[in-house]
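First to last, the sequence lines map onto chains U and B.
Counting from 1, one number per residue, gives the positions in the first sequence under the working numbering.
Counting from 237, one number per residue, gives the positions in the second sequence under the working numbering.
Read the hints as simulated data drawn from the structure, not as lab findings.
Possibly wrong hints are sitting among the right ones.
[What the hints assert, rightly or not] A short, non-exhaustive set of chain B residues, derived as facing chain U with CB atoms under 7 Å: (1) H268; (2) D352; (3) G357; (4) I360.
[As the list claims (entries may be wrong)] Quick list of simulated restraints, FRET-style, between CB atoms: (5) E269(B) to E56(U): 27 to 35 Å; (6) P35(U) to K275(B): 53 to 61 Å; (7) V210(U) to N332(B): 40 to 48 Å; (8) V260(B) to T162(U): 38 to 46 Å; (9) N327(B) to A109(U): 51 to 59 Å; (10) A167(U) to P257(B): 45 to 53 Å; (11) E6(U) to P312(B): 51 to 59 Å; (12) A215(U) to P257(B): 36 to 44 Å; (13) K139(U) to G270(B): 47 to 55 Å; (14) D354(B) to E21(U): 39 to 47 Å; (15) R247(B) to W174(U): 17 to 25 Å; (16) Y290(B) to E21(U): 42 to 50 Å; (17) R118(U) to A255(B): 21 to 29 Å.
Note that the Cβ used here is the ideal one computed from N, Cα and C, for glycine as well.
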Amino acid sequence: MISFEELGQAILEAATEALGEGANIVALRAKSLAPVRKIFSDGGSSIRFKMVSEIEESRGARDNAFRAGSPPTVVQPEDPTTARTITGKRPPVHWRERRLGAASRLLVAYEAEMQARRRGYPAMKTMLTRRGASEVRTKRAVFATFQHLNVGGRLRGEIHATAPTLAGSRAEAWVISPTRYAKYQEFGTRHNAAHPFLRPAAAESRAEIVSRIAAAVTGAARAGSGKTEIEIMVRL
Amino acid sequence: MTTTSVAPVKRAVVQALRASPSLVSAIRGGIHEGIAPRKVRYPFITYQLVAAPYAYDWTGMMIQALIDVSVYAENPVDANNIDALVAGALNEAGLNVDGQTSLLCRRVADLPTGPDIDSEGKRIYQVGGSYSVWTDQAL
Chain U
1 MISFEELGQA ILEAATEALG EGANIVALRA KSLAPVRKIF SDGGSSIRFK
51 MVSEIEESRG ARDNAFRAGS PPTVVQPEDP TTARTITGKR PPVHWRERRL
101 GAASRLLVAY EAEMQARRRG YPAMKTMLTR RGASEVRTKR AVFATFQHLN
151 VGGRLRGEIH ATAPTLAGSR AEAWVISPTR YAKYQEFGTR HNAAHPFLRP
201 AAAESRAEIV SRIAAAVTGA ARAGSGKTEI EIMVRL
Chain B
237 MTTTSVAPVK RAVVQALRAS PSLVSAIRGG IHEGIAPRKV RYPFITYQLV
287 AAPYAYDWTG MMIQALIDVS VYAENPVDAN NIDALVAGAL NEAGLNVDGQ
337 TSLLCRRVAD LPTGPDIDSE GKRIYQVGGS YSVWTDQAL
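Isolated chain U, as found in the complex:
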């Protein structure tokens, strides 16, 4: 049998732990909502895959020319402007493609493409946008996470939740975005529209946090074999 004070303390500790889990949920959700510097183009790479029918057609044309006894000729490839196909939108979204090494390889491809355009070749899509190429070249937005250098992602990478603290009957856990320009993204400025990420994360997680805390309180109360009524107030 435990005393009422011990039961109350156990319930508070369980609620505090659940609050910490809730803060982590908010932080994760905020990370998914946080805007990240755009360096990739919307379209994917323009790799040209020939269809089977096209391959058969080319082969048939070569066979016919050979059977007709015509001198060997070079079969002209398709006109690059018509032969190009869009292979589907696949913007690189994985963090590995934001790593400086991977992005530098994309920059090499981008610069080769620009050189080809200057020589008069038809334009092909590039993975990096013009601004993205500039970002990779200047490395001005390089940010280190988990011992990797990434291009962009500082705002997202720095969002974190603090450990929950319990003082008396008040538990607190904070989700913090310490980046200098975070508030300009959250609230907007005269020059840039707002891209809120912290408050939507808190609003969307509210029900889940309340249910987690309620479950933790119920569990702790059952473990203490007591019957009690507790008012839960969650301020987000």
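Assemble the complex: chain U is given as a structure, and chain B must be docked to it using the hints.
Chain B in isolation, oriented as in the chain U frame:
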């Protein structure tokens, strides 16, 4: 049964702002969503939807929208005065939301924003608040 989204809520907020003659006469640059065009005159208002989670029960759906309304002005007095007019127009206002029943429209926070330097070098003051708008609709 078709339900309506948060778009009528935003429309109702703008309608409530435009229904205040003193506010309309005070803002020369108008009301804009998100960001104002470059050459707009000061003062002006921008509004932005922050979050609008849906809460379902067996009979209906509640939208709990959070909307930021910011005032941009060339001096802090104008900015604060217009912000007070915005708060007067929206706080505890009965909004007419198409297809939804307005439950609540209340200012829940001030925006922690400060002065900014314009592209022409002018100091621009940004003052505003967050408004919580709750609406209900039958499923």
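Okay, the hints, checked on the actual structure:
1. H268: violated, 10 Å
2. D352: At about 5 Å, which falls below the 7 Å cut-off, the nearest Cβ of chain U leaves the hint on D352(B) intact, so it holds.
3. G357: Since chain U brings no Cβ nearer than about 13 Å to G357(B), farther than 7 Å, the hint is violated.
4. I360: holds, 5 Å
5. E269(B) to E56(U): 27 to 35 Å: violated, 54 Å
6. P35(U) to K275(B): 53 to 61 Å: Distance hint for P35(U), K275(B) is violated at roughly 26 Å.
7. V210(U) to N332(B): 40 to 48 Å: At 31 Å between Cβs, range violated.
8. V260(B) to T162(U): 38 to 46 Å: Between V260(B) and T162(U), where Cβ atoms are some 44 Å apart, the hint holds.
9. N327(B) to A109(U): 51 to 59 Å: The hint (51 to 59 Å, Cβ to Cβ) holds, given that N327(B) and A109(U) are roughly 55 Å apart.
10. A167(U) to P257(B): 45 to 53 Å: holds, 50 Å
11. E6(U) to P312(B): 51 to 59 Å: holds, 54 Å
12. A215(U) to P257(B): 36 to 44 Å: violated, 52 Å
13. K139(U) to G270(B): 47 to 55 Å: violated, 31 Å
14. D354(B) to E21(U): 39 to 47 Å: holds, 44 Å
15. R247(B) to W174(U): 17 to 25 Å: Taking Cβ atoms as reference, R247(B) and W174(U) lie about 35 Å apart, which means the hint is violated.
16. Y290(B) to E21(U): 42 to 50 Å: violated, 23 Å
17. R118(U) to A255(B): 21 to 29 Å: Given range 21 to 29 Å: violated, Cβ gap about 58 Å.
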